[in-house]
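With chain F fixed as given, assemble chains V and S onto it according to the hints.
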Amino acid sequence: MAHYAELTIAPTTWGRFRAWPVGQLFATSYGATVAVLLTVAYVCSRLGWLPVDPNAMDLAAMNQTPDAAHLLGTDFVGRDLLSRIMLGTQAFFLPGLLAIGVSLVFGAIFGVLVGFWPERFATPVGVLLQLLESLPKLVLILLVIALFRPDIYIILLVVGITNIPAAAELLRSKIAVLKRKSYIEAALALGVPTWRVIGKHVLWLHGRGLVLIQATIGMGEAILIETSLSYLGFGVQEPVPSWGNMVGLGKDYFFQGDLWISTAPALAILFTILGFHLMGDALLERLEARNSA
Amino acid sequence: MAVPGGIKDRRAVRRERPAASPGRRVARALVRETARTAALLVGVTLAMFLLLARAPGNPAAMYVNVTDLTAEELAAVNHELGLDRSLPVRYVVWVGRMVRGDLGHSLRSGRPVTRELWQTGWRTLLLTGSAMLLTLAFGALTAYLQATRRHPTIAGALGTFAYVISALPVFWLGYLVIYIFTTRLGVFPLMSSGEAATHWGFFLLPVLVLGLGNGTLSEITRHLRAHLEGVLQEDYIRTARAKGAPLLRHLYKDGFVMPLSSVLANKLPYVLGGAIVVEQVFNWAGMGRLVWQAAADRDYPILMGVTLASALIVRAGHAVKEAAQVAANPQLAE
Amino acid sequence: MSTAPATAASRTAATGPILRIQDLRTYFYLPARGRFLKAVDGVSLDVQHGETLAIVGESGSGKSVTMLSLMGLVTAVPGIVDGRMWYRPAPDAKPVDLLEGLGRFAKLKLGPPPEVHKDTLGWHKWHEHGMSERRGRDFAMIFQNPRNALNPYMTIGQQILEAIRRRSPELSAAGAADEAKGWLGKVRIDDPGRRMTDYAHNLSGGMCQRVMIAMALAARPTVLIADEPTTGLDATIQSHILDLMEEMKGELKTTTIVITHDMGVARRLADRIAVMYAGRVVEKGPAETVLELRREPKHPYTTGLLSAIPTAEDIEQRRRLTVIDGDVPDLSRLGTGCQFLERCAVRPAGRERFCEEEPPLGEVGQGQRVRCWRHLRHATEA
Numbered sequence: 001m002a003h004y005a006e007l008t009i010a011p012t013t014w015g016r017f018r019a020w021p022v023g024q025l026f027a028t029s030y031g032a033t034v035a036v037l038l039t040v041a042y043v044c045s046r047l048g049w050l051p052v053d054p055n056a057m058d059l060a061a062m063n064q065t066p067d068a069a070h071l072l073g074t075d076f077v078g079r080d081l082l083s084r085i086m087l088g089t090q091a092f093f094l095p096g097l098l099a100i101g102v103s104l105v106f107g108a109i110f111g112v113l114v115g116f117w118p119e120r121f122a123t124p125v126g127v128l129l130q131l132l133e134s135l136p137k138l139v140l141i142l143l144v145i146a147l148f149r150p151d152i153y154i155i156l157l158v159v160g161i162t163n164i165p166a167a168a169e170l171l172r173s174k175i176a177v178l179k180r181k182s183y184i185e186a187a188l189a190l191g192v193p194t195w196r197v198i199g200k201h202v203l204w205l206h207g208r209g210l211v212l213i214q215a216t217i218g219m220g221e222a223i224l225i226e227t228s229l230s231y232l233g234f235g236v237q238e239p240v241p242s243w244g245n246m247v248g249l250g251k252d253y254f255f256q257g258d259l260w261i262s263t264a265p266a267l268a269i270l271f272t273i274l275g276f277h278l279m280g281d282a283l284l285e286r287l288e289a290r291n292s293a
Numbered sequence: 001m002a003v004p005g006g007i008k009d010r011r012a013v014r015r016e017r018p019a020a021s022p023g024r025r026v027a028r029a030l031v032r033e034t035a036r037t038a039a040l041l042v043g044v045t046l047a048m049f050l051l052l053a054r055a056p057g058n059p060a061a062m063y064v065n066v067t068d069l070t071a072e073e074l075a076a077v078n079h080e081l082g083l084d085r086s087l088p089v090r091y092v093v094w095v096g097r098m099v100r101g102d103l104g105h106s107l108r109s110g111r112p113v114t115r116e117l118w119q120t121g122w123r124t125l126l127l128t129g130s131a132m133l134l135t136l137a138f139g140a141l142t143a144y145l146q147a148t149r150r151h152p153t154i155a156g157a158l159g160t161f162a163y164v165i166s167a168l169p170v171f172w173l174g175y176l177v178i179y180i181f182t183t184r185l186g187v188f189p190l191m192s193s194g195e196a197a198t199h200w201g202f203f204l205l206p207v208l209v210l211g212l213g214n215g216t217l218s219e220i221t222r223h224l225r226a227h228l229e230g231v232l233q234e235d236y237i238r239t240a241r242a243k244g245a246p247l248l249r250h251l252y253k254d255g256f257v258m259p260l261s262s263v264l265a266n267k268l269p270y271v272l273g274g275a276i277v278v279e280q281v282f283n284w285a286g287m288g289r290l291v292w293q294a295a296a297d298r299d300y301p302i303l304m305g306v307t308l309a310s311a312l313i314v315r316a317g318h319a320v321k322e323a324a325q326v327a328a329n330p331q332l333a334e
Numbered sequence: 001m002s003t004a005p006a007t008a009a010s011r012t013a014a015t016g017p018i019l020r021i022q023d024l025r026t027y028f029y030l031p032a033r034g035r036f037l038k039a040v041d042g043v044s045l046d047v048q049h050g051e052t053l054a055i056v057g058e059s060g061s062g063k064s065v066t067m068l069s070l071m072g073l074v075t076a077v078p079g080i081v082d083g084r085m086w087y088r089p090a091p092d093a094k095p096v097d098l099l100e101g102l103g104r105f106a107k108l109k110l111g112p113p114p115e116v117h118k119d120t121l122g123w124h125k126w127h128e129h130g131m132s133e134r135r136g137r138d139f140a141m142i143f144q145n146p147r148n149a150l151n152p153y154m155t156i157g158q159q160i161l162e163a164i165r166r167r168s169p170e171l172s173a174a175g176a177a178d179e180a181k182g183w184l185g186k187v188r189i190d191d192p193g194r195r196m197t198d199y200a201h202n203l204s205g206g207m208c209q210r211v212m213i214a215m216a217l218a219a220r221p222t223v224l225i226a227d228e229p230t231t232g233l234d235a236t237i238q239s240h241i242l243d244l245m246e247e248m249k250g251e252l253k254t255t256t257i258v259i260t261h262d263m264g265v266a267r268r269l270a271d272r273i274a275v276m277y278a279g280r281v282v283e284k285g286p287a288e289t290v291l292e293l294r295r296e297p298k299h300p301y302t303t304g305l306l307s308a309i310p311t312a313e314d315i316e317q318r319r320r321l322t323v324i325d326g327d328v329p330d331l332s333r334l335g336t337g338c339q340f341l342e343r344c345a346v347r348p349a350g351r352e353r354f355c356e357e358e359p360p361l362g363e364v365g366q367g368q369r370v371r372c373w374r375h376l377r378h379a380t381e382a
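Protein chains in written order, with my numbering: chain F, 1 to 293; chain V, 1 to 334; chain S, 1 to 382.
Hints in this document: simulated from the structure, not taken from any laboratory. Quantities reported herein were computed from a predicted structural model and do not represent experimental measurements. All residues carry an ideal CB built from backbone N, CA and C; glycine is no exception. Treat the hints with care, since some could be wrong.
[To be verified] Simulated restraints, written as ranges between beta carbons of each label pair: (1) V77/F <-> T34/V: 34 to 44 Å; (2) Y153/F <-> A71/V: 31 to 41 Å; (3) V40/F <-> R104/S: 48 to 58 Å; (4) R180/F <-> K107/S: 23 to 33 Å.
Chain F extracted, bound-state conformation:
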């Protein structure tokens, strides 16, 4: 039985969120929590504030499930899993930000170009972007790896470049919606210089939501690619931990029944990417709702 009643209390500042569907509220708060935890883990690992030395092997305490001394247990040579997971964030955190930055900057450029001057730019830019999209990312990355043996930053730079079409399309469709609204036409008619219309009205006022969406999607993808690569053996190498190579190393123990060594980093991947997916989707839904309203 659903119950509908009229509200007699005036909405407060937080009341704005009351209008959000429950799902979106949950998704956004969970995603925000994940982002915060991730940043904390990264910063702590950079500063060396880890609970246990991640490289310290303790052969007496191998393959342990979580206990007081090791909050997430130990791996097959007794290294603390929690510390290694925290350290593992270094493999994708900054490179991920690089990828996001590249896709945003160039995505914005192309998005604006095609959005405002479709007659001139739609075809050339469209062809270029289609080229970027015609290969699976992993294949392209393996090609680059074989050729240049680059480090993870360059790899994620390439990932960022391959994300440009998606970012450009987000911005272009937003611009297409805005162009139909009269106030852009009015601003241009009043003589406001085009670059200012773009900068203020389009990018600043409306672009912030898109930046957030692209950032969440981008970070999720960065984690996915980096962990897949290090699982395949191409990314970060032992003994430096990455969530991907940790799962891969625990494989033999997995089939023997020691599930935890592979599962702990896998859960870290799960909860992190889930947070970004949920938040990104919730933000996209709100964006689409505002686009059609």
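Same frame as chain F, now just chains V and S:
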């Protein structure tokens, strides 16, 4: 019988020929797609060629074994292969060879690249194609249940499942599935890939893992649901309901064929990339494992061959999408 | 379910109404504002066999939602919360309540503030069970913007055949196709054979509406509902469509309900007219009575609507158009009392205080009812 001199609309008189049949529209679309693919392949091969020109190592090694050659012999080989000419000429020569089917030989095995691709390619296609179908089917079902709001509990469960399984690393999922089916359930003994090709059951596991765990399921479900909700609001759906007509019949083209074909074209690259990882986990002798090995060995001919093959597969996905959409939507070709 | 209403209905003359809507309330809940949008708030209507009833009102008066409620096509929540809809397919048939069982799924507290408990999913399943059989058989509905109302992915022929086959599944393919072409010819579409394989985008708006009419009539419904059939069409085409509808009315004698904001449409087609405002009926009666501007008793809204139509003399004299002051009320913020009060041009002299209270839809003679204190006796006046 129409009354002579009855109402005739001007617009109707202007239209002369009847609407083209679906077959003709599809044929025209496929011609367009082939042209586009050819154009794109030029771009892809150009990019690959430029990359390769900057790679370390001797390009002649692609075609012959250079390790035991003296300097003069090397120069002779280079001249014969045309590698001492200018860059644009080399590109043309290289493309010429490709068109004739010569993609060089694997640096590792010495076998022709085309043969390696052929042997592994169909396995990867089988895996990827089936996985993609599974993804689309699951996404469509979940999205339909969510959009029509008839069974909220099942829809919610499926949706949650989609989110969780899309965030799970696909390689760990593979381990889990193998563990459950071999050690715990004892359904299949752990097999190597050679026997796997013959046992149909073992084929199901990687399809299941790649199909559900490729990371796009939640996005696809969300996108399909939003689209379906939009279609359900359309006026013609309201008319269909008012007529008492079966909803699915009026819905399936706009609500399923169109978005699913788009999703197929857009997400095929992702699933293909995921196949590389899944083939590793299940030791599946497909192109994914081939390219992994080639990346480790710096086997450029294989790498380029796989790149080309992937581009072709992705383009094939786009062609399927175009054909399906043009066949379903009568307004698209006119 | 008590039998009292059934006996009351059968106590009327042998030709009781084919459709009787009693006290229908359809509310939409706006979560962002935390209020109910009372789209239909206590509407009662009768439709007799073979007659054409026009429901007239501005956008937002609730006329479309009333008919969508009848068809069970309201998807918003909570939707229908109260009311009865008695349907009697033939004069000798027993009337059936289309909203039977609503009380089990929905509880309404009028308030203020209004409160609703409704099992929307359960009601939908229950209601669909009954209504899905009736749509396209007993009831057929046509809509405005006919180009959008036809499925762009199916040919015209397929859509008409669908309606025919639903009605008579035993027909052969050829027989059904012939009948479909026959209907297209009946609505004056030229070259029906070729049109069968055309799509909606090959047709103009007027032709699409003809197809819609053909599709609806092909189902041989007991009641035809036309929701703004001429809106969205060019002016000349509107006239042609009305010609067609008059012709069909004369030939087939189907009971019809026409929803329109255009008094001209009502004038051409209606036997009886109901005027709606703010989710309620404010006047209803025979067409001649309602339409005649200078004939009292009348609701001031109807007077306003009729005065707004310029006569030839008004145009010659270049007079200013008469308008009704004010705006349509926000249906989520309706007060108590007469809803038309702030726009009313004629206050009931000496009885203004009554307008604080909403007048009932009272009988003022010869089958006409008006919701205005100027013409009704208030309870306090003995």
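> When you take the CB atoms of V77/F and T34/V, is the distance between them in 34 to 44 Å?
Replying inline: 56 Å, violated
>> Taking the Cβ atom of R180/F and the Cβ atom of K107/S, is their distance within the range 23 to 33 Å?
In response: At roughly 45 Å between Cβ atoms, K107/S and R180/F fall outside 23 to 33 Å, so the hint is violated.
>> Assuming the hint says 48 to 58 Å, is it satisfied by the Cβ distance from V40/F to R104/S or not?
In response: 54 Å, holds
>> Does the beta carbon distance between Y153/F and A71/V stay inside 31 to 41 Å, or does it fall outside?
In response: Check passed, 38 Å falls within 31 to 41 Å.
Against the hints set out earlier in the document, violations occur for numbers 1, 4.
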